[in-house]
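**Student:** Residue-level listing of the chains:
4 protein chains.
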Amino acid sequence: HSDFILTFACPDRVGIVAAIASTLAQDGWTITESQQYADPDTRRFFMRVRFSADRAVALDEVRTTLAPVLEPFEMDWDLHDASAPLRVVVMVSKQGHVLNNLLFHTQQGQVPIEIVAVVSNHPDWRDVVEWHGIEFHQIRVTAETKRETEQFVLDLMERTDAEALILARYMQILTDQMCRDVHGRAINIHHSLLPSFKGARPYEQAHRHGVKVIGATAHYVTADLDEGPIIEQDFRRVDHRSSAAELAAMGQDLEARALVHAVRAHAEHRVLLNGMKTVVFD
Amino acid sequence: HSDFILTFACPDRVGIVAAIASTLAQDGWTITESQQYADPDTRRFFMRVRFSADRAVALDEVRTTLAPVLEPFEMDWDLHDASAPLRVVVMVSKQGHVLNNLLFHTQQGQVPIEIVAVVSNHPDWRDVVEWHGIEFHQIRVTAETKRETEQFVLDLMERTDAEALILARYMQILTDQMCRDVHGRAINIHHSLLPSFKGARPYEQAHRHGVKVIGATAHYVTADLDEGPIIEQDFRRVDHRSSAAELAAMGQDLEARALVHAVRAHAEHRVLLNGMKTVVFD
Amino acid sequence: HSDFILTFACPDRVGIVAAIASTLAQDGWTITESQQYADPDTRRFFMRVRFSADRAVALDEVRTTLAPVLEPFEMDWDLHDASAPLRVVVMVSKQGHVLNNLLFHTQQGQVPIEIVAVVSNHPDWRDVVEWHGIEFHQIRVTAETKRETEQFVLDLMERTDAEALILARYMQILTDQMCRDVHGRAINIHHSLLPSFKGARPYEQAHRHGVKVIGATAHYVTADLDEGPIIEQDFRRVDHRSSAAELAAMGQDLEARALVHAVRAHAEHRVLLNGMKTVVFD
Amino acid sequence: HSDFILTFACPDRVGIVAAIASTLAQDGWTITESQQYADPDTRRFFMRVRFSADRAVALDEVRTTLAPVLEPFEMDWDLHDASAPLRVVVMVSKQGHVLNNLLFHTQQGQVPIEIVAVVSNHPDWRDVVEWHGIEFHQIRVTAETKRETEQFVLDLMERTDAEALILARYMQILTDQMCRDVHGRAINIHHSLLPSFKGARPYEQAHRHGVKVIGATAHYVTADLDEGPIIEQDFRRVDHRSSAAELAAMGQDLEARALVHAVRAHAEHRVLLNGMKTVVFD
Chain S
4 HSDFILTFAC
14 PDRVGIVAAI
24 ASTLAQDGWT
34 ITESQQYADP
44 DTRRFFMRVR
54 FSADRAVALD
64 EVRTTLAPVL
74 EPFEMDWDLH
84 DASAPLRVVV
94 MVSKQGHVLN
104 NLLFHTQQGQ
114 VPIEIVAVVS
124 NHPDWRDVVE
134 WHGIEFHQIR
144 VTAETKRETE
154 QFVLDLMERT
164 DAEALILARY
174 MQILTDQMCR
184 DVHGRAINIH
194 HSLLPSFKGA
204 RPYEQAHRHG
214 VKVIGATAHY
224 VTADLDEGPI
234 IEQDFRRVDH
244 RSSAAELAAM
254 GQDLEARALV
264 HAVRAHAEHR
274 VLLNGMKTVV
284 FD
Chain C
4 HSDFILTFAC
14 PDRVGIVAAI
24 ASTLAQDGWT
34 ITESQQYADP
44 DTRRFFMRVR
54 FSADRAVALD
64 EVRTTLAPVL
74 EPFEMDWDLH
84 DASAPLRVVV
94 MVSKQGHVLN
104 NLLFHTQQGQ
114 VPIEIVAVVS
124 NHPDWRDVVE
134 WHGIEFHQIR
144 VTAETKRETE
154 QFVLDLMERT
164 DAEALILARY
174 MQILTDQMCR
184 DVHGRAINIH
194 HSLLPSFKGA
204 RPYEQAHRHG
214 VKVIGATAHY
224 VTADLDEGPI
234 IEQDFRRVDH
244 RSSAAELAAM
254 GQDLEARALV
264 HAVRAHAEHR
274 VLLNGMKTVV
284 FD
Chain X
4 HSDFILTFAC
14 PDRVGIVAAI
24 ASTLAQDGWT
34 ITESQQYADP
44 DTRRFFMRVR
54 FSADRAVALD
64 EVRTTLAPVL
74 EPFEMDWDLH
84 DASAPLRVVV
94 MVSKQGHVLN
104 NLLFHTQQGQ
114 VPIEIVAVVS
124 NHPDWRDVVE
134 WHGIEFHQIR
144 VTAETKRETE
154 QFVLDLMERT
164 DAEALILARY
174 MQILTDQMCR
184 DVHGRAINIH
194 HSLLPSFKGA
204 RPYEQAHRHG
214 VKVIGATAHY
224 VTADLDEGPI
234 IEQDFRRVDH
244 RSSAAELAAM
254 GQDLEARALV
264 HAVRAHAEHR
274 VLLNGMKTVV
284 FD
Chain Y
4 HSDFILTFAC
14 PDRVGIVAAI
24 ASTLAQDGWT
34 ITESQQYADP
44 DTRRFFMRVR
54 FSADRAVALD
64 EVRTTLAPVL
74 EPFEMDWDLH
84 DASAPLRVVV
94 MVSKQGHVLN
104 NLLFHTQQGQ
114 VPIEIVAVVS
124 NHPDWRDVVE
134 WHGIEFHQIR
144 VTAETKRETE
154 QFVLDLMERT
164 DAEALILARY
174 MQILTDQMCR
184 DVHGRAINIH
194 HSLLPSFKGA
204 RPYEQAHRHG
214 VKVIGATAHY
224 VTADLDEGPI
234 IEQDFRRVDH
244 RSSAAELAAM
254 GQDLEARALV
264 HAVRAHAEHR
274 VLLNGMKTVV
284 FD
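Residue numbers (our numbering), protein chains in the order written: chain S, 4 to 285; chain C, 4 to 285; chain X, 4 to 285; chain Y, 4 to 285.
What follows is a set of in silico ranges between Cβ atoms, one per label pair, in the way DEER data are often shown:
no.: 1; chain 1: X; residue 1: Gln175; chain 2: S; residue 2: Pro75; range: 50 to 56 Å
no.: 2; chain 1: C; residue 1: Asp164; chain 2: X; residue 2: Pro126; range: 32 to 38 Å
no.: 3; chain 1: S; residue 1: Pro14; chain 2: X; residue 2: Gly278; range: 50 to 56 Å
no.: 4; chain 1: X; residue 1: Pro126; chain 2: C; residue 2: Gln175; range: 36 to 42 Å
no.: 5; chain 1: C; residue 1: Gln175; chain 2: S; residue 2: Ala248; range: 51 to 57 Å
no.: 6; chain 1: X; residue 1: Arg183; chain 2: S; residue 2: Gln110; range: 55 to 61 Å
Read the hints as simulated data drawn from the structure, not as lab findings.
This structure is a prediction, so every number in the text was calculated from the model and none was measured.
For every residue, glycine included, the Cβ atom is placed at its ideal position computed from N, Cα and C.
Throw the hints in and build the complete structure from the sequences for me.
**Tutor:** The following block contains the structure:
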């Protein structure tokens with residue numbers, strides 16, 4: 004059995020769907036999922052097509068078949084094996100609620116990823132991580148060593164064939180260089196409904212403003228801190244009774260869920276970048 | 004400018020999308036929306052394709068072009084002019100909150116329908132309806148006259164070219180014959196989260212059970228009362244403090260919104276019947 | 004039958020509840036609702052007590068009984084007749100969805116207010132308002148006449164004994180003087196989840212950021228535009244498919260609901276000011 | 004420092020709050036939380052009062068002071084030490100998502116309970132439980148041994164001073180005798196929005212009906228299976244695309260959250276029984 008996902012973005016024009024659908028039909032593929040979106044502002048067309056067949060076909064073979072068909076459309080395109088879990092490295096600091104939720108949902112088979120390593124600037128979660136049979140690396144981050152530790156993570160990703168980096172409440176700011184190095188494949192969770200309450204202590208800011216809703220935002224990492232393309236936001240109603248500390252405690256559930264949601268969407272190749280925004284097919 | 008929507012259901016097989024996409028591409032149509040769903044239980048395939056071109060084309064002409072392409076796939080298919088609002092007749096009893104909300108959203112251009120007439124077994128909403136420039140008919144429903152008044156509604160729909168019947172808190176039970184006559188084109192709003200609390204006084208039932216969520220259900224009318232295919236459900240959290248009367252008051256917003264949502268989806272040809280269920284493309 | 008609501012804020016200390024409860028019990032009142040909140044940051048205590056008896060008692064008589072009991076606690080306190088609807092003046096501009104929803108819910112007995120007049124800088128809603136039997140005043144607002152028209156509104160409120168001013172999508176900025184004149188008794192609806200997207204065109208800002216949630220905020224009017232104490236926020240999930248115009252259309256429901264919710268809370272004397280925030284008892 | 008919670012239910016009459024507030028004030032207690040509810044149907048009055056003082060006072064001493072004050076009101080009352088976590092025994096079967104979530108939130112200090120033991124009819128979760136330093140007991144349940152194993156649980160609760168029993172997806176039906184033995188102190192999580200889809204395979208039932216919302220219900224255990232007083236329901240929107248298996252996977256989050264919410268409310272003594280319903284102060 005073969006199961007692939009094609010994603011692409013290109014200028015909108017007549018015949019895109021026809022070209023792809025005809026090629027797949029001729030080769031006996033069944034289209035099992037198909038989502039499209041045309042951005043009326045930029046006239047750009049985004050598509051995700053999942054197709055399968057009851058025979059073994061290599062990814063490269065499909066790529067070779069599709070390339071000449073897609074070429075005339077000036078596409079940014081990608082082809083993924085839908086049956087292979089996405090290999091990821093996770094970074095975490097002292098707070099483990101997001102990591103814990105990701106570990107559990109992954110273990111339950113609800114997120115198609117394989118966590119190949121966890122890196123932390125604290126020792127706290129070593130036991131849990133190793134209990135899951137995952138390698139754990141503690142790093143020491145200072146102004147002087149920051150770039151060095153980042154290089155360690157990049158090397159680790161290369162060594163483990165990791166395709167994505169998940170910041171599960173990793174509280175150190177990445178260098179601009181690192182942000183560029185993992186562009187489009189690193190996901191962060193911020194503990195506010197961005198663009199509200201950027202930066203530090205968002206729950207205290209929310210408390211001070213007396214807002215009636217709090218939330219969390221999972222987004223791609225960019226050099227503009229807390230400004231990367233939003234993948235998912237989760238949120239809930241609150242009222243005057245909650246202290247900043249209680250908002251933070253409530254927010255943990257939102258953070259954990261938003262990140263799992265975003266990682267699942269990314270791992271299922273449902274997220275396409277559209278400038279500073281995303282297209283998330285559901 | 005031409006703008007059409009094709010909807011269909013058929014047995015799932017290879018080549019459906021390719022056949023349609025190729026035909027549309029050859030004729031210079033741009034596919035602006037495309038949604039598909041394959042039911043894994045029944046192996047049935049559902050699709051909605053919206054396509055447009057910058058020239059005037061008659062609906063019948065498109066139908067003639069598509070018919071031979073679609074024929075081999077054993078489809079139930081329909082073609083709609085996306086630029087024409089759906090013509091509907093609305094029925095209402097004493098409570099006017101659902102009607103009022105539908106009138107307002109229609110007037111604001113947010114639901115692509117034209118309300119051609121309102122029929123009621125009460126005089127209460129005549130003024131509001133006529134103020135909107137819509138014809139209003141009061142009917143008198145008794146056990147003896149029920150079928151007669153239903154025939155009046157059917158005749159009215161025929162005379163006004165109405166394509167759908169909306170029961171906006173119309174509290175009389177339709178005869179089985181009437182349910183069959185308007186099959187697939189009549190939408191009712193029930194004031195509970197079906198299948199909970201069928202029948203009369205659902206908010207009292209909800210209150211007695213001490214549930215923490217109430218809701219409303221918009222569904223197609225079938226002879227099985229409160230059992231028709233669900234199009235939309237809206238819901239909200241409640242707690243012990245609300246009396247049955249207060250639940251009913253809160254529920255009015257849910258009913259009004261759920262019906263508008265369902266009518267919009269139906270009028271945009273986003274709802275396809277799948278046995279006793281629906282496929283609602285969003 | 005008599006039905007009163009006492010609201011107050013004071014420094015937190017032992018014996019407040021006891022003093023009030025004892026006084027009310029001695030006079031044969033039944034406490035039907037009681038809510039309290041102690042702000043741990045400011046050590047201020049907020050309370051709302053509703054009490055009733057099966058005999059006619061004048062508001063002033065209760066006030067005279069309570070005054071000496073409350074005096075030692077350095078309270079800001081207010082006593083309200085719970086059976087009298089709050090008299091309000093509403094201001095609106097071209098968009099009528101919030102006004103319409105407020106009119107309908109008021110007419111249905113779901114908001115304990117009496118709308119004594121509507122003022123607008125546009126003629127569009129005269130018919131609807133007068134159809135409800137409410138006086139309508141059109142004003143012409145220019146830089147030169149702004150203060151004059153505001154004085155007209157203040158005079159109107161005085162003449163009609165209006166206790167609150169509701170800005171139901173009134174798009175003119177009030178002068179600082181006017182904001183002070185109606186301090187604590189004017190409610191505005193802003194079409195974003197404040198403090199996100201202050202100022203003009205919030206839905207366009209939301210669209211540009213690609214947020215996954217939009218909302219509306221009802222707040223007390225202060226001279227700091229869009230910064231007044233928040234009473235209520237309503238919100239919903241959105242995705243990449245919605246244009247700025249579609250977000251605005253979806254947002255109308257949120258705005259209409261958030262304002263009705265806030266006006267109901269204010270009219271039921273459930274909202275107490277706590278610096279730049281509110282305490283909203285529910 | 005002393006911190007107590009008084010909860011009670013009694014016939015509604017004048018002077019209840021005054022009697023309690025005066026007694027507490029005389030003894031120098033500060034009321035930090037106070038919630039009340041009068042059921043208009045049954046004329047029963049429910050109250051929860053939390054009070055504290057900066058000195059050490061024994062629970063029994065407070066009980067002795069309050070008893071004569073409360074006695075005339077025909078109360079069912081309870082006094083709790085708010086600083087002592089509730090001791091609980093948890094039962095689980097093969098699915099561990101609810102247990103895992105409860106363990107994590109408890110460890111994070113977000114639920115004021117101490118899990119003193121976990122009992123399961125499967126060995127799967129022994130490692131995780133023991134990793135948390137909690138004793139784990141595997142039982143073997145057959146028709147013949149059911150009552151015996153229940154007695155084991157009752158003995159375990161007595162030996163460990165456990166005050167509550169949490170069924171975290173324990174899939175064996177308790178005997179009527181056991182239901183009576185743990186009346187008012189056993190909480191179950193059912194994987195549907197009760198009273199919808201009682202009994203087995205609720206997600207399959209939900210899928211068959213094509214509902215647009217799924218949920219989970221935490222309720223007190225009674226001999227009427229899935230009919231006990233509802234404490235909390237959590238829910239989310241779904242659509243036609245989800246298979247029964249996917250609904251079940253989504254529902255796991257709802258079950259986990261609803262149970263944690265209910266256990267927290269119960270452990271904070273916020274839940275009072277009101278016949279077949281609950282009063283849940285928040």
